[in-house]
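Quick note, the sequences are listed as chains A and B, same order. Residue numbering for the first sequence follows this note's numbering, beginning at 2 and increasing consecutively. Residue numbering for the second sequence follows this note's numbering, beginning at 2 and increasing consecutively.
Calculated directly from the structure, the hints in this document are not laboratory data. Just so it is clear, the structure is predicted and the values come from calculations on it, not from any experiment. Among the hints, erroneous ones may be present.
Since the list can't tell identical chains apart, any single copy or any two copies may satisfy a pair.
[Claimed, not checked] In silico lysine-lysine, DSS-like type, Cα no more than 27 angstroms apart, as pairs:
| id | residue 1 | residue 2 |
| --- | --- | --- |
| 1 | Lys379 | Lys363 |
| 2 | Lys384 | Lys88 |
| 3 | Lys133 | Lys331 |
| 4 | Lys259 | Lys172 |
| 5 | Lys309 | Lys42 |
| 6 | Lys51 | Lys172 |
| 7 | Lys309 | Lys88 |
Number of protein chains: 2
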Amino acid sequence: MSRVLILGADGYLGWPTCMYFSQRGYTVIGVDNYFIRNAMKELDCEPLRKIPDLSQRARLWEEKSGRRIFVHIGDVTNYDFLLSVFKEYMPDTVIHYAEQPSAPYSMINRDKAAFTVINNLISTLNIVYAVKETNPDCHIIKLGTMGEYGTPNIDIEEGWIEIEHKGRRDKFLFPRQASSLYHTTKIQDTDMLWFYIRTWGIRVTDLMQGPVYGIYTDESREDHQLITYCPYDEIFGSVLNRFIVQAVSGYPLTVYGKGNQIRGFLNIIDTMQCVYLASINPPERGKLRIFNQFTETFSINTLAEKVKNVGEKLGYHVTIEHLTNPRVEKEEHYYNVCYTGLFNLGLRPHYLTDEVLEEFFKFVETYKDNINREIIYKGVKWK
Amino acid sequence: MSRVLILGADGYLGWPTCMYFSQRGYTVIGVDNYFIRNAMKELDCEPLRKIPDLSQRARLWEEKSGRRIFVHIGDVTNYDFLLSVFKEYMPDTVIHYAEQPSAPYSMINRDKAAFTVINNLISTLNIVYAVKETNPDCHIIKLGTMGEYGTPNIDIEEGWIEIEHKGRRDKFLFPRQASSLYHTTKIQDTDMLWFYIRTWGIRVTDLMQGPVYGIYTDESREDHQLITYCPYDEIFGSVLNRFIVQAVSGYPLTVYGKGNQIRGFLNIIDTMQCVYLASINPPERGKLRIFNQFTETFSINTLAEKVKNVGEKLGYHVTIEHLTNPRVEKEEHYYNVCYTGLFNLGLRPHYLTDEVLEEFFKFVETYKDNINREIIYKGVKWK
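Let the hints inform the model, and build the full structure from the sequences given.
What follows is the structure, encoded as structure tokens:
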């Protein structure tokens, strides 16, 4: 059976991915340096629930499932460490979640910007070298973000575009122009991967993911100890998680600017499916395959309305507040994206229904006493 | 009078640029960390002549011209150091030559690849932050490279392209797809600059330069001590410099592959002009202005033939040898580039005439005994 190396295994997506592959019989190796845990402490934005550390979670999972996840605590930017893990396990697939994943974090100051650049690019570079050195057949699945494309005035294709110019044609990476330094590092890592793919013939899937929401996956539904983070703070939280925590705690839903920003969203269950579908359908050697990974698009206003409606049905008084946008981004824009690739591989989407929102509200209610209103909005500004 | 901060002031282009601005009455501050000197020692590829260090050269220049160049030895990736220099001198213009400039160097191994990524991106990031923190009006002139574009099958425009796609239009950075990790870091730094330009309204000129040849500039012609490096080795040398050294030392001119690779070349005298023209015509705040910086295009075969013809006129027996290409690049390709921007600003080109080649031959002849044939080709391979 295949061996899957998951880098960033302690994160919001990393740990559910470990369980997902483990449940399906894969040998799973999880690596993390606890960056997110430490940064959450440093920035005083700890998540809704205390989460057992990665080794503890692996033990809990083994007790429940009888399946072992191999855990290594270390830094992917340390090449000797990473290479030793590759040599020990010889993975067939490596899933790269080990990038600094927060846009606001990358905008706090120069040190955090520099950390984001170095962490995200050197981790990717090290993976490329480790794959080349140990097993050039190994399939690299790298998480990108829809934010790399920004909001161009043309349809967004799935990673590539054929350009006709002055009577001649060629195919290029779709133009990307992001609205945070973090998102920019994701453009940069793709350019780096694409260079080494052409030069060394490695194989890579780049998953251009939209904002993810939700906390339950099939492997964690019956054991709260196995559930992933629910970050709701300004730095590491994502928008829907934050809205639900705000609704439950009587804090206005904070919409940045006009709220007509449109994004493609997906349930964490579908992230699991997408990563899995990519892994069992690897691209050829020498290919950069790109998928746009989300299941439906909403404006931020629509999302806030959905949360307000369900919240009020559940007896909460929910208000919506438009803040001066701390970010620099277009608040009115064209947005038409192709996202058929993963559906063609078999993705069965879980849409954002009222039932999904209700279940999410109930989860947050359970931990209501832990909500720290101070961390919801601290005002990291782009300018 | 304006203050110009030149980062990478000890390099092939940096030092002549220091003298060029100094001669025109600017206050010039030169910063370098001696990376190139140290790397040349480490890799056993020292240049044709021993070059006084930057402080010594500044003293020699002051003796000759009566003009002072302020020298600071330090690392641009050290933000505290860089910020202290900005605060001390408050430059109006910063010229960024402080990137690791060698494609083969970036391909030697993982450590040198990682160094290239970190050095090139963190130096650029630090400049952006220092400009924002001290004087957001300061004009950043960043050296890019024509190699960023690669060899697409469409005309290469000057940095930007208007794309019409499915009946809608938008303007984007011209697609870039480089053929070394070094060149890829130059794509990455442009993406980073472009993000901060849009977000913070700084002003940047990106000079997409082709391979530079030559050693004399007006400020150094009469004093050999002031002449810049003539690197001819495989790692830091550029192709024409290397061909002339090869011709003089009876070593076959080493053409990589078929030699039909076409590139845009320029004389180092024209680099001085281009950088100066960019500096006296700064773009508006919030603009990324891009120029394609070269004066004429040749295939590598044409270049080799030119050197052979002039060499034989001077009595050398010159042969041309096609090596298996150590690089991964197209050896037959379409190449039609727009490069009118700098001409519109007033560039008066110095073309590669037989006289220019003869003068270059004579310079190399003077140092013939220093030529180390061992360092011309060591075989750094892309694969």
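So, going through the hints one by one against the coordinates:
1. Lys379 <-> Lys363: within (26 angstroms within a copy, 66 angstroms between copies)
2. Lys384 <-> Lys88: Intra 45 angstroms, inter 21 angstroms, cutoff 27 angstroms: inter-copy only.
3. Lys133 <-> Lys331: between (40 angstroms within a copy, 22 angstroms between copies)
4. Lys259 <-> Lys172: Classified as between: cross-chain Cα gap 25 angstroms, same-chain 36 angstroms, threshold 27 angstroms.
5. Lys309 <-> Lys42: neither (30 angstroms within a copy, 66 angstroms between copies)
6. Lys51 <-> Lys172: This pair counts as neither: shortest intra-copy Cα distance 48 angstroms, inter-copy 47 angstroms.
7. Lys309 <-> Lys88: Neither: 51 angstroms inside a chain and 50 angstroms across chains, both beyond 27 angstroms.
Hint violations for this structure: numbers 5, 6 and 7, all remaining hints satisfied.
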